[in-house]
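Under the working numbering, the first residue of the sequence shown is numbered 18, with each subsequent residue one higher.
Worth flagging that the hints you see were computed from the coordinates, not collected in a lab. Any given hint might turn out to be false.
Said to hold, decoys possible - Straight-line C-alpha distance at most 20 Å; calculated SDA-like pairs for lysine to any residue:
{"id": "1", "residue 1": "158", "residue 2": "145"}
{"id": "2", "residue 1": "158", "residue 2": "77"}
{"id": "3", "residue 1": "181", "residue 2": "255"}
{"id": "4", "residue 1": "177", "residue 2": "155"}
{"id": "5", "residue 1": "159", "residue 2": "78"}
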Amino acid sequence: MEKNIVSIEDRIPKLKQMRKKKANRRLITLLTIFFLLIFSIIYFQSPLSRIKAIKVEGNSYLTDKEIVEASGIQLNENFWEVKKEAAVTAIEKNQEVNSAEVSRQLPNTIVITVNEYDYSAYVQKGKDYYPVLTNGTILKKKVESIPDSGPLLVSFKEGKALQKVIEQLDNLSPEIMNSISEVHYSPRETDPYRIILYMNDGYEVTASGETLAKKMVHYPAIISQLGEEDRGVIDLEVGSYFRAYDTDIEEEGASEEEEG
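Could you put the whole structure together from the sequences, leaning on the hints where they help?
Have a look at this one:
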C-alpha cells in the first residue's frame, strides 16, 4: 500500500497558523488579566467599593436603626472589608434576636436579615407593661399599652414556671390565644405550675402550666355547651368540669346561715 506523504512545504503554513492561534490566545488572556487588574484598582479607589445602603429584613419589633447600630456596620465603609461574622455576633447579643445573617448585595448594599423572638405575653410592673419573649425572657423595655397579640401575666417571675407557661401558650391556636385576657400564677403544693386564666368571654379557667395547651383544645367545645347566661369556673387541672359562680354564692350564703 502506498503511504500518504505530506511534504514539509505543506506543513509549514499549518504550523505557522497554529502558533499564531496560540499567540493570540495568550495575548487575549494577558489583556484580560491586565484589564481586570486595572478595573479592580479603579473599583477599589472609586465610591462603588463603599457601602451606599444597608437593608434590614425580617424585623417586626426592633427598628432598622437599632439593628444597624448593633451590627457596627456603617455607610461608606469598604464593601469588601465588612466582617460579617463579627456583625452577626454583635446583633445576636440583643435579647430579642434569635438569629441573624449578614450578606453582600452587589454593587454596594449590605443586607441584614434577622429572626426575632415573638412577644408571647406581657407582665405588669407598677403602671408599666413589659413584653415576654417566646424563650421566657422578660424585656426591660416597656410598652405604652398591651397589644391584642398576647395576654397579661400576673405574679410571674423569670424562671421555670414562666418558661413552661410561655411554651404552652405558644402551642395554643390563635383563636384560643386571643380569647385569653390574663394568666395568673397560683401555685399549690400539689401543682407548682397551677395557673388561673381570665377569659375575654367572662369565664375563669384553672389549669396546670404543664398541660395547658392539651387541655385548652377542648375549651371551645366546653363553652358551646354552656348557656349564654352561665358564667363560672372551668376546671381543667385534672379532668374538666364547670362550676357556676352562682353555686359558690349559694354555698357561701348557706355557710353563713349555719354559722348564725
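Violated constraints from the hint list, given by number and in increasing order: none
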